[in-house]
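Could you build all of it, start to finish, from the sequences and the hints given here?
First residue of the sequence shown: -15, per the numbering used here; consecutive thereafter.
Honestly, the hints are just simulated from the structure, not real lab data. Watch out, some of these pointers could steer you wrong.
Ranges between beta-carbon positions, derived for each pair [said to hold, decoys possible]:
(1) Asp35 to Arg147: 30 to 36 Å
(2) Ala137 to Thr51: 16 to 22 Å
(3) Thr140 to Gln48: 35 to 41 Å
(4) Glu68 to Thr108: 22 to 28 Å
(5) Asp30 to Lys158: 35 to 41 Å
In silico EDC-like pairs for lysine to aspartate or glutamate, Cα to Cα no more than 20 Å straight-line [as the list claims (entries may be wrong)]:
(6) Lys39 to Asp0
(7) Lys5 to Asp25
(8) Lys39 to Glu68
(9) Lys107 to Asp25
In this text the structure is predicted, and so the values were computed from the model without any measurement. Glycine included, every Cβ here is placed at the ideal spot set by N, Cα and C.
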Amino acid sequence: MSTSRLGAAPKPASADDEGFKRELVVLIPHLRAFARTLTGDPTAADDLAQDAMMKAWDARASYQMGTNMKAWTFMILRNQFYSEKRRSWRQSQLDQEAAERTLVAVDDPEAPVALDELRQALKTLPEEQREALILVGAGGFAYEEAAEICGCAVGTVKSRVSRARRALAATLEKGGYGRDGKAAGDAMRSILGEADRLAGARS
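This is the structure:
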């Protein structure tokens, strides 16, 4: 038996590995924010994000550099969450405050948010519509990317976003906001505007 490999120096990281690591580090705040949307618990979210990053690293050979790593890692994180929570999942477990933080986390993951009205408006949406609207309207994902993350057809995502958009638009028309009402309305208009922009660009 050859002993030529015993004591050999560790294989140096490849350029692709280094590039992958740099891209993954940039996405850490976004992964944590999305994890908080799903878990509703900061500690559980950090654990979920860490597990997803480890899975992404282990699967790096299957990732094609230059493609959308954000969508790829979000899909890994989402699959990990549903795999862990499949038996105990209830629709009410999607914490609205965490979802609201995700809306702001796209550009500023640490930005504080206190918009009770927006949180309540989102709470009225079915979970699937809420998730689709967050990914497309706030997360900046194209319909195709959101469909890949959610594991459904592009048309299904478009339908969910459209229904969520109409429901929130109706909420806007009703008005009646209390504290932070203007901010809540502005936030919802921003989300709906992004959904409209994507719909118009792809119609």
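Checked hints:
The hinted range of 30 to 36 Å is satisfied by Asp35 and Arg147, whose Cβ atoms lie roughly 32 Å apart. Remark: the range hint 16 to 22 Å for Ala137 to Thr51 is upheld by a beta-carbon distance near 20 Å. Under the hint 35 to 41 Å, the C-beta atoms of Thr140 and Gln48, about 25 Å apart, miss the expected range. The beta-carbon spacing between Glu68 and Thr108, approximately 27 Å, falls within the hinted interval of 22 to 28 Å.
Asp30 and Lys158 have their C-beta atoms about 37 Å apart, which keeps the hinted 35 to 41 Å range intact. A threshold of 20 Å between alpha carbons decides the hint, and for Lys39 with Asp0 the separation of about 17 Å falls inside it, so the pair holds. The suggested pairing of Lys5 with Asp25 is violated, with an alpha-carbon distance near 26 Å, which exceeds 20 Å. Of the pairs offered as hints, the one joining Lys39 and Glu68 holds, with about 14 Å between alpha carbons and a cut-off of 20 Å not exceeded.
For the hint linking Lys107 to Asp25, the alpha-carbon distance of about 17 Å falls within 20 Å, and the restraint holds.
Going down the numbered hints, you'll see the structure goes against 3 and 7, while the others check out.
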